[in-house]
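Could you put the whole structure together from the sequences, leaning on the hints where they help?
Listed in order, the protein sequences are those of chains A and B. Under my numbering, the letters of the first sequence match residues 830 to 942, in that order. Under my numbering, the letters of the second sequence match residues 1255 to 1362, in that order.
Incorrect hints may have been included.
In silico PhoX-like cross-links for lysine-lysine, where the CA-CA straight-line distance does not exceed 25 Å [stated by the list, open to error]: (1) A/873 with A/838; (2) B/1296 with B/1333; (3) B/1361 with B/1296; (4) B/1296 with A/838; (5) B/1333 with B/1361; (6) B/1296 with A/873; (7) B/1361 with B/1299; (8) A/873 with A/886; (9) A/873 with B/1299; (10) B/1333 with B/1299; (11) A/843 with A/873; (12) A/886 with B/1299; (13) A/886 with A/838; (14) B/1299 with A/838.
Quick list of the computed label-pair ranges, beta carbon to beta carbon [unchecked claim]: (15) B/1309 with A/843: 44 to 52 Å; (16) B/1272 with A/883: 39 to 47 Å; (17) B/1295 with A/942: 18 to 26 Å.
Derived by calculation from the structure, the hints in this document are not laboratory data. Where a beta carbon is used, it is the ideal one built from N, C-alpha and C, also for glycine.
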Amino acid sequence: NAGVTQTPKFRILKIGQSMTLQCTQDMNHNYMYWYRQDPGMGLKLIYYSVGAGITDKGEVPNGYNVSRSTTEDFPLRLELAAPSQTSVYFCAAVIGAPYNEQFFGPGTRLTVL
Amino acid sequence: RKEVEQDPGPFNVPEGATVAFNCTYSNSASQSFFWYRQDCRKEPKLLMSVYSSGNEDGRFTAQLNRASQYISLLIRDSKLSDSATYLCVVTDNNDMRFGAGTRLTVKP
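Here you go:
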């Protein structure tokens, strides 16, 4: 039982490139979230999903897209990378309701140059 | 006004000290409250949920004051291993909002 896994761990992108951050959970949790954390700041919600086929915008969705075709996977897509997207990205999963513990993946450190 | 505000610290305390953190939130409809711990360059991990009646887990005590819209975390008998950033989390339906965190360093 790996919990929540994220790939890659690190990535450097050039401005305008695109990439997909992968997130997979093996806990069969319905709710999944994507956050970004800038240095010295709290986590900001980008997108979330309450189940397969359902996604919603969070606090800072601009420049990102998500999909949730299966319960296990919740990839985050950056289409045109910008320096402002340099951050650490965390994926999280919660069982059933949003009121319970969030299990986080180890994060992806992204730098856009 | 930020939705969830915390004193960023840093709090530098000696081993054995008692330290308290506060967190204020702006959304009076918030439903659930948590304290998470985040070690340097790691993912956040749940420390404890915060219940209306207050709750204790060993050396850690969490309290909620809905009227004043704040939650608190008290750490007694601080250990070196308590050094971390403590994140306050407030939930409204599916939306979880994180504070920026309070950094604690416990020194020998």
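Hints, verified against the model:
1. A distance of roughly 19 Å separates the Cα atoms of residue 873 of chain A and residue 838 of chain A; the hinted pair therefore holds under the 25 Å criterion.
2. For the hint pairing residue 1296 of chain B with residue 1333 of chain B, the CA-to-CA distance comes to about 19 Å; that is within 25 Å, so the pair holds.
3. As the CA atoms of residue 1361 of chain B and residue 1296 of chain B are separated by approximately 21 Å, the hinted pair is consistent with the 25 Å bound.
4. Distance check on the hinted pair: residue 1296 of chain B and residue 838 of chain A sit about 12 Å apart at the alpha-carbon level, within 25 Å; holds.
5. Proposed proximity of residue 1333 of chain B and residue 1361 of chain B is supported: the alpha carbons are some 8 Å apart, at most 25 Å.
6. For the proposed pair residue 1296 of chain B and residue 873 of chain A, the alpha carbon gap of about 16 Å is at most 25 Å, so the pair holds.
7. With a C-alpha separation of about 22 Å, the suggested pairing of residue 1361 of chain B with residue 1299 of chain B holds against the 25 Å cut-off.
8. Taken as a hint, the residue 873 of chain A and residue 886 of chain A pair is honoured in the structure, with Cα atoms around 11 Å apart against an allowance of 25 Å.
9. With a C-alpha separation of about 16 Å, the suggested pairing of residue 873 of chain A with residue 1299 of chain B holds against the 25 Å cut-off.
10. For the proposed pair residue 1333 of chain B and residue 1299 of chain B, the alpha carbon gap of about 18 Å is at most 25 Å, so the pair holds.
11. A threshold of 25 Å between alpha carbons decides the hint, and for residue 843 of chain A with residue 873 of chain A the separation of about 23 Å falls inside it, so the pair holds.
12. At roughly 23 Å between alpha-carbon atoms, residue 886 of chain A and residue 1299 of chain B fall within 25 Å of each other, so this suggested pair holds.
13. Distance restraint check for residue 886 of chain A and residue 838 of chain A: the Cα-Cα separation of roughly 24 Å lies within the 25 Å cut-off, and the hinted pair is therefore satisfied.
14. Between residue 1299 of chain B and residue 838 of chain A the alpha-carbon distance is near 18 Å, which keeps this suggested pair within the 25 Å criterion.
15. For the hinted restraint 44 to 52 Å between residue 1309 of chain B and residue 843 of chain A, the CB-CB distance of approximately 49 Å keeps it satisfied.
16. Under the hint 39 to 47 Å, the C-beta atoms of residue 1272 of chain B and residue 883 of chain A, about 45 Å apart, fit the expected range.
17. As the Cβ distance of residue 1295 of chain B to residue 942 of chain A is approximately 20 Å, the hint placing it in 18 to 26 Å holds.
Violated hints are absent here; each numbered hint is respected by the structure.
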